[in-house]
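Number of protein chains: 2
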Amino acid sequence: MQDNLLTPVEASAAASPVPDRAFQDLHVADIVERLNEQDLETAASVLVRLPVERAVEVFDRPELARAGELILELPEELAGRILKGMSADRATDILHQLDGHDHAKLLARVDPETLKSLQLLLAYPEGTAGSIMTTEFVSVPATYTVAQTLEHIREVERTRETVYAIHVLDPATRTLVKVVTLRQLIAGEPQQPIVELGPNREPITVKGDTHREEVARLISIHDLLAVPVLNARRQVLGIVTVDDVIDAIVAESTEDVQKFGGVEGTVEPYLQIGFANMIRKRAGWLCALFIGEMLTASAMQHFEDELAKAVVLTLFIPLIMSSGGNSGSQATSLLIRALALGQLRLRDWWRVAVREIPTGATLGAILGVIGMIRIAAWQKLGIFDYGPHWRMIALTVGAGLVGIVTFGSLAGSMLPFALKRLGFDPASASAPFVATLVDVTGLVIYFSVALLLLRGTLL
Amino acid sequence: MQDNLLTPVEASAAASPVPDRAFQDLHVADIVERLNEQDLETAASVLVRLPVERAVEVFDRPELARAGELILELPEELAGRILKGMSADRATDILHQLDGHDHAKLLARVDPETLKSLQLLLAYPEGTAGSIMTTEFVSVPATYTVAQTLEHIREVERTRETVYAIHVLDPATRTLVKVVTLRQLIAGEPQQPIVELGPNREPITVKGDTHREEVARLISIHDLLAVPVLNARRQVLGIVTVDDVIDAIVAESTEDVQKFGGVEGTVEPYLQIGFANMIRKRAGWLCALFIGEMLTASAMQHFEDELAKAVVLTLFIPLIMSSGGNSGSQATSLLIRALALGQLRLRDWWRVAVREIPTGATLGAILGVIGMIRIAAWQKLGIFDYGPHWRMIALTVGAGLVGIVTFGSLAGSMLPFALKRLGFDPASASAPFVATLVDVTGLVIYFSVALLLLRGTLL
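Here the protein sequences come in this chain order: A and B. Mapping of the first sequence onto our numbering: residues 233 to 691, in sequence order. Mapping of the second sequence onto our numbering: residues 233 to 691, in sequence order.
Be aware that a few hints might be false.
Identical copies carry no separate label here, and so any pair may be met within one copy or between two of them.
[What the hints assert, rightly or not] Under the rule of at most 25 Å between Cα atoms (straight-line distance), these lysine to any residue pairs were calculated in the SDA-like manner: (1) Lys316 to Gln416; (2) Lys410 to Leu258; (3) Lys513 to Asn432; (4) Lys316 to Leu354; (5) Lys337 to Gly300; (6) Lys513 to Val601; (7) Lys513 to Glu445; (8) Lys439 to Trp582; (9) Lys541 to Leu690; (10) Lys410 to Glu389; (11) Lys612 to Met526; (12) Lys337 to Glu285; (13) Lys348 to Thr367; (14) Lys439 to Leu627; (15) Lys410 to Asp257; (16) Lys439 to Glu500; (17) Lys410 to Pro283; (18) Lys316 to Asp455; (19) Lys513 to Arg587; (20) Lys541 to Leu282; (21) Lys513 to Glu308; (22) Lys513 to Leu654; (23) Lys439 to Leu258; (24) Lys513 to Ile605; (25) Lys541 to Leu527; (26) Lys541 to Thr689; (27) Lys316 to His328.
In case anyone wonders, no lab produced these hints; they're calculated from the structure.
Please build the complete structure, drawing on both the sequences and the hints.
See below:
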């Protein structure tokens, strides 16, 4: 451990009330948590006094909030050493968080070698395998024996993010021959050639532009500890490790829940999203939905005469509309996950439609019966008088619910397929979007049923 | 490889059109995918003809659908061998899927030793660390050297789910002293005592009843490959591996999206949920929401006189109500994730409320201005005549939106806190539930604003 690095304590830091010793004995995750609770300056002064190795571990944690701002607060030389020590994928992450000016300022602090590996990763868009891969992996030529490989791992162990996957390369072309796990390696005989270990299946690999969700799926279904990222000539550019994938899965599911709620996806901690940013993330969708929902006002205007004649019909509009939206949101949530988990493909849309129509009709009938009982009960118990035609009104509400809930289930289940067909992420289908889609049609269905059943009596 | 096990081909299987050879050269995940597409009998006949080791690997994959039904289809002796070969945690999973009768039938097929380890896991409720842990882990006494430990790992490697975490136990009490990684082990000197390796921090551990979500969080933030499950005497009962955790995280996020959509959480693939089951999963919440939403009818009945006098007010009811629901659903989705990721604690509710009120008011004002422009435009362009008081109606809609969107954001953000406070999972807050909550209040706000602004003119 480099305990001598504790000495360059800054004058301002010396006055800080945070006990240094307490920080050093903590797990990295706990240090991160405490730093997140402090203001930027205090957190920076704590980091300055940690051994560089510990500071690197702290910056390597994706849970560290304001990592970009924090590293800018550190003395230049220290910032450069931390960036060099960090895993390249996480350093890229931090650079992605900064704007152009700070980005350049930070890159100016690193040595040429680190700069080169960072620039390789920065070339890939966020959310791809290339952007989350690490270039610090273990590789040996296919001519090595088990003993030679073990010796090599011992030498490089400290500088590699993971040593559990060993990439066996063709000595001439440097293309990937196979991936041997550390487990297979230690089970092998010292003089055995490394290429003889493990099964002879084609290794699971990805490309730099593979989406992180697909990388996560491959690692998860094949129970891998890392997956190599290959270029077009099948040379290893880097690897994505299981840790990175867990972080990616957690980030994806945060985005999915937020998108489903109708918010632009964000991984920033809630309390750290600025006011203007928060408005921006929410106002866009809210306005779009509001403008879409304006069609309900147009639909209502269209039925203005009927509304004036039978105000009693308006009493059930919120009830009926929301039931359509709710059933749609249920169907959408089921289908988003089924598509994300690969349980369904695009061509299965027809099988889903054939299931959703009877499901929706049954659910609508259940709600319809409850609705009719409610109207009859209020009428009979004298709680409210729906007029002489109350039986027909109850029937209108019941039949309307069957139609609207069926339509809601169908529309809600088809929306993720439609988005996927158009090349969007099916998870962009949000509950508010489904509700808006169903609301307008729901009103038209309700008034059409009313016109059909009540013509000659109320209308 | 036990290739001789290919010979006992059943008569019925011999006639099957599935090419055996093709299956053997595939990755396990691909075999699983193909089996999932076949009917139960064909899938079983394929499994019978695979080497037992491969069949075990297939059953070890959580992606294998109908695993319980499939294993019941196999000859008794083979089923027993597969259950013995499988990781205990996955076998428990399969047993959890079966009803009491089949459960007992399957347990009767296993040897006493396997039975004992399965019964240990079966005692833990689903969703806990105990239910997903494996009892096949590597442990050595604290007196071992690096060389002895490596030798031990080579011997037991085939029968352990993971060898990447080595559990160092007190030789007398068998309590956990520390966890050494395989990486640290191979970096060590052969004659070095194992207890000297790795940092001397308290190892991260869980208890049998720790929720899988918490286990996932610990593995993820500490970048572990496995976490030990301890009993009250700090002895190791089993370990939860990173693979199991990825599966748990994926299952959790499926449940979270479904719950947010208002469906009872399910991990069954969509097309395999029976019709009756599908209705059951959706009807419960849909009926509960419907009954809650009936309060909107009561609210409307309360304002019946106003409605009759000013039918024009009803035109904007769906628009206004849905905006409240949408802003609520946005806030809920943000807060659910912030709480799940530990970015916020229960005591932070006040800080959130203080942020949501101005956010909601601003968003409401934006929508209000759009709404007022829409009314003015339609009036001026002669598309629709809102009557002589259209200016006041526009103002009512605008002011109503500010009130309702503010209330929606506040209610939507407080709901996850309220659920957590009451001991429920904050992720049980669904978009439909928030919408229903906001709809009733939204109507009351709208009509109250109308009464205030339109009294003496329209009302």
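Results of checking the hints against the structure:
1. In this homomeric assembly, Lys316 and Gln416 come within 25 Å of each other (Cα to Cα) only across copies, at 22 Å, whereas the closest approach inside a single copy is 31 Å.
2. In this homomeric assembly, Lys410 and Leu258 come within 25 Å of each other (Cα to Cα) only across copies, at 16 Å, whereas the closest approach inside a single copy is 39 Å.
3. Proximity of Lys513 and Asn432 under a CA criterion of 25 Å is satisfied in neither setting, with 49 Å inside one chain copy and 45 Å between copies.
4. In the homo-oligomer, the alpha carbons of Lys316 and Leu354 lie at most 25 Å apart inside one protomer (15 Å), although the nearest pairing across protomers, at 48 Å, exceeds that limit.
5. Taking the shortest Cα distances, Lys337 and Gly300 sit within 25 Å of each other inside one copy (11 Å), while across copies they are farther apart (58 Å).
6. Taking CA atoms no more than 25 Å apart as the test, Lys513 paired with Val601 passes between copies only; the shortest distance there is 19 Å, against 41 Å inside one copy.
7. In this assembly of identical chains, Lys513 and Glu445 lie within 25 Å of each other by CA distance solely inside one copy; the values are 23 Å within and 28 Å between copies.
8. Taking the shortest alpha-carbon separations for Lys439 and Trp582, neither the intra-copy value of 33 Å nor the inter-copy value of 46 Å comes in at or below 25 Å.
9. Both within a single protomer and between protomers do Lys541 and Leu690 lie at most 25 Å apart by alpha-carbon distance, with minima of 7 Å and 18 Å respectively.
10. With identical chains, the CA atoms of Lys410 and Glu389 are at most 25 Å apart both within one copy (20 Å) and between copies (21 Å).
11. For the identical chains of this complex, Lys612 and Met526 are inter-copy neighbours only, at 17 Å across copies versus 37 Å inside a copy, given an alpha-carbon limit of 25 Å.
12. Taking CA atoms no more than 25 Å apart as the test, Lys337 paired with Glu285 passes inside one copy only; the shortest distance there is 23 Å, against 56 Å between copies.
13. For the identical chains of this complex, Lys348 and Thr367 are intra-copy neighbours only, at 11 Å inside a copy versus 45 Å across copies, given an alpha-carbon limit of 25 Å.
14. In this homomeric assembly, Lys439 and Leu627 never come within 25 Å of each other (Cα to Cα): the closest approach is 59 Å inside a single copy and 56 Å across copies.
15. Only between protomers do Lys410 and Asp257 lie at most 25 Å apart by alpha-carbon distance; the minimum there is 16 Å, versus 40 Å within a single protomer.
16. Neither within a single protomer nor between protomers do Lys439 and Glu500 lie at most 25 Å apart by alpha-carbon distance, with minima of 28 Å and 31 Å respectively.
17. Taking identical chains as interchangeable, the C-alpha atoms of Lys410 and Pro283 lie at most 25 Å apart only when they sit on different chains, with a minimum of 24 Å there against 38 Å within one chain.
18. Taking the closest pair of Cα atoms, Lys316 and Asp455 come within 25 Å of each other only across two copies (20 Å); inside a single copy the shortest separation is 30 Å, beyond that limit.
19. Only between protomers do Lys513 and Arg587 lie at most 25 Å apart by alpha-carbon distance; the minimum there is 14 Å, versus 35 Å within a single protomer.
20. Proximity of Lys541 to Leu282 under the C-alpha cut-off of 25 Å is found in neither arrangement, the shortest distances being 77 Å within a copy and 73 Å between copies.
21. Within a single copy, Lys513 and Glu308 get their C-alpha atoms no closer than 34 Å, and across copies no closer than 58 Å, so neither meets the 25 Å cut-off.
22. Taking the shortest alpha-carbon separations for Lys513 and Leu654, only the intra-copy value of 23 Å comes in at or below 25 Å, while the best inter-copy value is 30 Å.
23. Taking CA atoms no more than 25 Å apart as the test, Lys439 paired with Leu258 passes between copies only; the shortest distance there is 21 Å, against 38 Å inside one copy.
24. Taking CA atoms no more than 25 Å apart as the test, Lys513 paired with Ile605 passes between copies only; the shortest distance there is 23 Å, against 43 Å inside one copy.
25. With identical chains, the CA atoms of Lys541 and Leu527 are at most 25 Å apart both within one copy (22 Å) and between copies (24 Å).
26. Proximity of Lys541 and Thr689 under a CA criterion of 25 Å is satisfied in both settings, with 11 Å inside one chain copy and 22 Å between copies.
27. For the identical chains of this complex, Lys316 and His328 are intra-copy neighbours only, at 16 Å inside a copy versus 49 Å across copies, given an alpha-carbon limit of 25 Å.
This entry does not satisfy hints 3, 8, 14, 16, 20 and 21, going by the numbered hints stated previously.
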